[in-house]
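**Q** Given next are the chains, with one letter for each unit.
2 protein chains.
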Amino acid sequence: MALIVHKYGGTSMGSTERIKNVARRVAKWHDAGYQIVVVPSAMSGETNRLIGLAKDIMPQPDPRELDMLASTGEQVSVALLAMALQSIGKEAVSYAGWQVAIKTDSAFTKARIQSIDDVKVQKDLDAGRIVIITGFQGVDDDGNIATLGRGGSDTSAVAVAVALKAQECLIYTDVDGVYTTDPRVVSEARRLNTVTFEEMLEMASLGSKVLQIRSVEFAGNYRMPTRVLSSLTDPMIPLEEEAKSGTLISFEEDTHMEQAAITGIAFNRDEAKITVLGVPDRPGIAYQILGPIAAANIEVDMIIQNQSVDGKTDFTFTVPRGDYAKAVDVLNESVKAHIGAASIQGDTKVSKVSVVGVGMRSHVGIASQMFRTLSEEGINIQMISTSEIKISVLIDEKYMELAVRALHKTFDLEKSN
Amino acid sequence: MALIVHKYGGTSMGSTERIKNVARRVAKWHDAGYQIVVVPSAMSGETNRLIGLAKDIMPQPDPRELDMLASTGEQVSVALLAMALQSIGKEAVSYAGWQVAIKTDSAFTKARIQSIDDVKVQKDLDAGRIVIITGFQGVDDDGNIATLGRGGSDTSAVAVAVALKAQECLIYTDVDGVYTTDPRVVSEARRLNTVTFEEMLEMASLGSKVLQIRSVEFAGNYRMPTRVLSSLTDPMIPLEEEAKSGTLISFEEDTHMEQAAITGIAFNRDEAKITVLGVPDRPGIAYQILGPIAAANIEVDMIIQNQSVDGKTDFTFTVPRGDYAKAVDVLNESVKAHIGAASIQGDTKVSKVSVVGVGMRSHVGIASQMFRTLSEEGINIQMISTSEIKISVLIDEKYMELAVRALHKTFDLEKSN
Chain R
1 MALIVHKYGG TSMGSTERIK NVARRVAKWH DAGYQIVVVP SAMSGETNRL
51 IGLAKDIMPQ PDPRELDMLA STGEQVSVAL LAMALQSIGK EAVSYAGWQV
101 AIKTDSAFTK ARIQSIDDVK VQKDLDAGRI VIITGFQGVD DDGNIATLGR
151 GGSDTSAVAV AVALKAQECL IYTDVDGVYT TDPRVVSEAR RLNTVTFEEM
201 LEMASLGSKV LQIRSVEFAG NYRMPTRVLS SLTDPMIPLE EEAKSGTLIS
251 FEEDTHMEQA AITGIAFNRD EAKITVLGVP DRPGIAYQIL GPIAAANIEV
301 DMIIQNQSVD GKTDFTFTVP RGDYAKAVDV LNESVKAHIG AASIQGDTKV
351 SKVSVVGVGM RSHVGIASQM FRTLSEEGIN IQMISTSEIK ISVLIDEKYM
401 ELAVRALHKT FDLEKSN
Chain P
1 MALIVHKYGG TSMGSTERIK NVARRVAKWH DAGYQIVVVP SAMSGETNRL
51 IGLAKDIMPQ PDPRELDMLA STGEQVSVAL LAMALQSIGK EAVSYAGWQV
101 AIKTDSAFTK ARIQSIDDVK VQKDLDAGRI VIITGFQGVD DDGNIATLGR
151 GGSDTSAVAV AVALKAQECL IYTDVDGVYT TDPRVVSEAR RLNTVTFEEM
201 LEMASLGSKV LQIRSVEFAG NYRMPTRVLS SLTDPMIPLE EEAKSGTLIS
251 FEEDTHMEQA AITGIAFNRD EAKITVLGVP DRPGIAYQIL GPIAAANIEV
301 DMIIQNQSVD GKTDFTFTVP RGDYAKAVDV LNESVKAHIG AASIQGDTKV
351 SKVSVVGVGM RSHVGIASQM FRTLSEEGIN IQMISTSEIK ISVLIDEKYM
401 ELAVRALHKT FDLEKSN
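Residue numbers (UniProt numbering), protein chains in the order written: chain R, 1 to 417; chain P, 1 to 417.
So here's chain R without its partners, still in its complex pose (with noise of 0.2 Å):
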């Protein structure tokens, strides 16, 4: 029996309400023959209200105990799913992570999924029962909770996904899919029926908020069809229909039928630049810079250095801004002093603006299209960077919105395919 994974967004079991509506939903698919296993969020705000009580009793709380203050969130919703299965007639039972059991490491608020024990789940899906699982959330060695962090819901849905060979991991978001750019900043933007693991692991890495990007790395290393679709439907509409409904995740590169060459423009605000200057040109000195930041648990993006002139260079990167102050903190305690570097500048008012598409690989000129038009917009860039099929550029974030549409004006991405 083909089994099929579900996972819902805050949004979507916001209220007891909607958490009904979830019920009615799954419901359908096992109606359908579906062995359905249910990966929920937290309700909405409630991670939020938790987080919110940890700082009112200090500002930068223990990862561990944040970690079993916030997982609570969304024990309440597996909990509170299975009761509304059981009350339309189906047997439901629920699991925390730490129940299946989902290990992970040990790096508490973002830890990694190691393995994810079936037994328990098979056991119920071949007694015929619904079973819902805590996303966002597993059990280290020690037997300590430990969270994926933000979004990692989808990432357990994924997992549990791949872990229990579902046929196809569905996300069930409040959006109906994966869009060209963010219809809020380009009211043109328009929904893609597919896109490639890998577009999807550049569009969710730049801030597409669509899926959080190690679900999308997890779906691509294991190859899960992964889907996003709209959980605001009428949870009765034909299953077939909704079964076609938003964006596929897809694996194979041939049924990418999308011919243009760029599939999306993402973006982030979620960026600072730090620049260490003076910096003696010797070999090694990339890691000496970046190695603390990363011990740091701080994640790196964007890297350059500069042309050395008289054995001295400058070294740019990006981080994420809410790492900006700690990034700059280790720079001055760790770093600066140890490789001699002159100083330590940054800017936290900066934003990345990316073309992402497979078929760029096959069509020239999509730099130097994308450098005009932001050029007559008058907009300057401060980094490049590029992969086989993107383009960043890190410009001030005055502009970010303006670059977004002048790109998917230029690139024809209103235009369906």
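A couple of the hints might just be wrong.
[What the hints assert, rightly or not] The list that follows gives simulated cross-link-like pairs (lysine to aspartate or glutamate, DMTMM-like), each with its CA atoms no further than 25 Å apart:
| id | chain 1 | residue 1 | chain 2 | residue 2 |
| --- | --- | --- | --- | --- |
| 1 | R | K103 | P | D141 |
| 2 | R | K90 | P | D142 |
| 3 | R | K336 | R | D347 |
| 4 | R | K120 | P | D176 |
| 5 | P | K103 | R | D118 |
| 6 | P | K120 | R | D105 |
| 7 | R | K103 | P | D142 |
| 8 | R | K165 | R | D124 |
| 9 | P | K55 | R | E91 |
| 10 | R | K103 | P | D126 |
| 11 | R | K349 | R | D412 |
| 12 | P | K326 | R | E299 |
| 13 | R | K103 | P | D118 |
These are computed hints drawn from the structure, not numbers from a lab.
Given the coordinates of chain R, work out where chain P should sit on it, guided by the hints.
**A** For chain P alone, coordinates are given in the frame of chain R:
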């Protein structure tokens, strides 16, 4: 180093401000050289909020899922209290019941503790950490969360104190001790400095809501000195003063310095009376009636079987009011026809009033003084039950307060000893 267990009720944990006060109080004890384990309840209102969500979804939620849901309230509390202690420089770590592990049976929503593993906690204590453990809950052999029922955190605290061989278990609550009766009913009610375990058991089981009855049983079975005291005092009052405040539940009768025959008047509004009429009077009939009731997990309190007339008798017993409908259903479905009873009658508008005191053993005439007092007030007695240290009567609930006040006066309980 002496170990003390602190238990804090929902009111004491009712806001982040109050949680900080709890942390200050706990730190004071730790600073004085005690090892401390804290067992907090859920923040006041939280358990009701969670159960309200469940009832929104279905009137009779599945007990396993209800426990999954309700147990989150205490998990929030322990994490916040750990943070509050850390914020004032104490090392602290929180555990959910399953992490300790506190093992229970699988009677969801009314589970019983079977064992507590002290290895993890002892290790933390030896390392100088304050350990915070969720009240109210444990984990069964299959890894399901099971809760101990309303007030279960008291039982958790005493059980943890026993498992860790604590010197004393301090139950901090929003009353400052055990009174001769409820001061809201009798304004002259007086706080007791000590009360014997047996008296406390009767007081607790009869509706003095200070402590959950099972916690008193636990304390009695393992002779764990347990003190009920106020959490509303200034957290920084001298420890010596705080350590002697409240009411100590003692296990040495000769430490019971209060020479009055009667220690207190207990009462319970949560009663319902059921009568099975026209029962054939033959051996085993009590078991045939009460066996199915017990199997439905309904507690039976007072039991009366009338003198039989013409081989028929009436059988009357009381149950908690919340179980009344279920008990009547059980009787109608599984008992009535089977034993050939004529009919089932019931009354939910009854209350129980009891006089309690170990001194009763050596004083004759307590019962007659009680019955005379009720008679003088024109109160009809529906059922009577007695033990060595208690006499209980079931009366119309509208006379309950009158009865309590009259009995408190007739036994001179307002006088200091």
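**Q** Sort out which numbered hints this structure fails and list those numbers smallest first.
**A** 4, 10, 11, 12
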